[in-house]
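Model the placement of chain B on the given structure of chain A, informed by the hints.
The listed protein sequences correspond, in order, to chains A and B.
Position 83 (the first sequence) corresponds to 83 in the working numbering; numbering is contiguous.
Position 172 (the second sequence) corresponds to 172 in the working numbering; numbering is contiguous.
What you were told as hints is all true, and nothing was included just to trick you.
Pairwise CB distance ranges (calculated):
id : chain 1 : residue 1 : chain 2 : residue 2 : range
1  : B       : Gly-14    : A       : Pro-196   : 31 to 39 Å
2  : B       : Gln-6     : A       : Val-247   : 46 to 54 Å
3  : A       : Leu-121   : B       : Lys-33    : 52 to 60 Å
4  : A       : Leu-121   : B       : Leu-77    : 41 to 49 Å
5  : A       : Arg-271   : B       : Asp-16    : 32 to 40 Å
6  : B       : Glu-136   : A       : Arg-253   : 44 to 52 Å
7  : B       : Arg-70    : A       : Gly-287   : 56 to 64 Å
8  : A       : Gly-224   : B       : Glu-136   : 38 to 46 Å
9  : B       : Arg-47    : A       : Arg-355   : 54 to 62 Å
10 : A       : Pro-196   : B       : Arg-47    : 32 to 40 Å
11 : B       : Arg-2     : A       : Leu-121   : 54 to 62 Å
12 : A       : Gly-199   : B       : Arg-70    : 18 to 26 Å
13 : A       : Met-268   : B       : Gly-5     : 39 to 47 Å
What the hints contain is simulated information worked out from the structure, not anything from laboratory work.
Quick reminder that beta carbons are idealized off the backbone N, C-alpha and C, glycines included.
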Amino acid sequence: MFTSTRLASFAAVMLAWTGAAQVAGTEKLRIDFPPESPVSVVSMDWGASKAEARGGAMVVELDTSLTLRNTGQRAIRGVTLMVLAQEVTPGGKASVTVPSLNVAPGEVFPVRINLRLLRPLQRGSGALVTVSLDGILFDDLSFYGPNRLDSRRILTVFEMEARRDREYFKRVLAERGPEGLQREVLLSLARQSERPRVGIRVARRVTNLEGAQEYQIAALAVPGAPVEAVSGSARMNLRMADAPRLVLRNLSRKKVRHVALGWIFKDMNGRTIEAGTVPAKVDLDPGGVVEVRGDRALHFSQPLMVESMSGYIGYVEFADGEVWIPSREDLAALGLDRVISPSPEEQRLTNIYRRKGLKALIEELNRF
Amino acid sequence: MRHPGQSELALAAGGDLPVWQRWRLHWHLRACKRCRAEVEAFRAVGRRVASEGAKLPGKLNWERLAAEMRANIRVGLEAGQCVSPARTRGRNLGWRIAAALACVTLVIVSGWLFHFTGFRLRTADSLTPAVAATTEGIEVQDANGSLVLRHRSEEPVLLSVTTDGSMAASYFDDETGMVTINNVYVY
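This is chain A alone, in the form it adopts within the complex (with noise of 0.2 Å):
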C-alpha cells in the first residue's frame, strides 16, 4: 500500500524521468566586469541560452555574444574572458581570449561564448555561469585586469607574434607584390591544414608509467634565444608521455621569469608533430641554470611509437614584463614553420584572405 511519502517519491522520480524540466533561465548567467574597466558591456544575446534540470543533473547551455566598447584612451589589442560555475567549475576553469584586435576608444567589438556545463543537481542561490575579465592588453603592451589566468604574458606573446607577422606579410606584398603575398598566404593556409592531429588528453601524471622508455629531449638552437635548453629528457609509452625534465640557462642579462619550450616527437612513419609546450615558471638570474619539471602528462588517443623527440624555445618573459619570440626566418631555418601552430594574427589573416580575396587581405595589412 502508497503511503503519502512513498507517493511524493514516485511522483519525483516520475517527474525526472520525464524528461527536461526547466529550472532556471537567463538570469542563472551573470557578466562581472569591475566599474573602472576600460570596457563596458554594451548589449548580451543569450541566443538559445537555458539551464535544465535532467534527471540527476544540471545542464547549461550557453550561447552568447557580448558586444563590448573600449572606454578608454587606448586601442585595444587582446582582451581575455574568465568563465567560471559558481567559481567552482569541475576540474578546473575556463576563459575565451579574443587577440589580434584593432578596437579604438569608443569602437565596440563582439565576444562570443558557447559552452555546455553539466554537473550534479544542486539547489543554490547566484549565477550558475559567472563571466568576468581577466585582462585587456592595450597598443602600447600596457595591461589592465586581475590576471588571475596569466592573460598578461599570454596576450602580450600574441600581439608579438602578431606584429612579427604582419610585418612579414607587409615585406612579401613590398618585395614581391599582391601574387608573392598570395603565394605566401596558400602556402600557410596549405601548412595549417596539413598539420598532422594527434587526440591528446592532458592529465595528472601517474607514478607508474608501463614499458615506458626515457627520451632525450634534442634541443633545437632557435638563434638570439636569450635562454638555452641544456638538456632534457621525458618517459613515454605508445599510450602516454611523462611531462619532460629539462635544464634551462639563461643566456641573456636580464632575469627571466617564464619560459615556454615547443615539444616536438617524430614518429617511427616520419611524421613530425607539436606535441605541446612545456611552460615553466623560473626565477633565473643572468647566467643562471635550472631544473624544471611539469605535473601533467599527455595521454594520447591512438598509439604513438616515437621515434625521437625535440624542443625549441617558443618564448621568453622576463622579469620586467618584456617578452622574447623568435623570428619567422628562424623558425624557417629551423623547419619549424612546417610544424608548430601558426599565430592567431596569420590564422586571422589567412582566413580574410580565403574568405574576402586578396584585396581585403591587403587592406587589412593596411590598417595597422
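Coordinates of chain B only, in the frame set by chain A:
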C-alpha cells in the same frame, strides 16, 4: 592431494579466477610447492609477453590491422550462423515475451540515462580531472561533471596543449571575422 588443472593455475596467475576459486586455490598453493612454481612460471611468461607486446614492430599499420580484425570477426559470426542448429518453434512464448519486454524497458531506461541526463560510465580516466578535445569542442572534466567550450567553425580548428594542464582551441569565427581562442584549464 588433488592438484588444480593448468587452466586454473594460468587464470590464477593473471588474477582472473572468481573469488571462491581464488580462495580455494590460495589454500592449496600454500601447501603445494609444485603448483606454486607453476603459477610463478605463468606470471613470468605473462610479464615477458607484456614487455614484448610493448615493443611493436615499426611502421605497423593500425588501420589495416583493425580492418582485418573486424573482417575476421564478421566471417566468424557468419560461419557460426551457418552451422547453428535450426530453431524449433517455441512451445510456450509467455516467458519470452516477458524477457523481450524487459529488454525493451532496459534499452529505454538506458537511453534516457545516457542521452537525457548526460550520465556517463565512471571509468578511472573520467574520475581524474583532465582536459581533452571532443567532437563539440574542448572539455575540462572530473568526477563531478564537465564544462565544454564549443567552437563553431567550418575551418580547421588549431588545438594546442601545455604540460601544466591547459588546452586551447583557436578558430576563425565566421560571424565576427575574428580569431577566438577557447581555453580550458585543469586544477
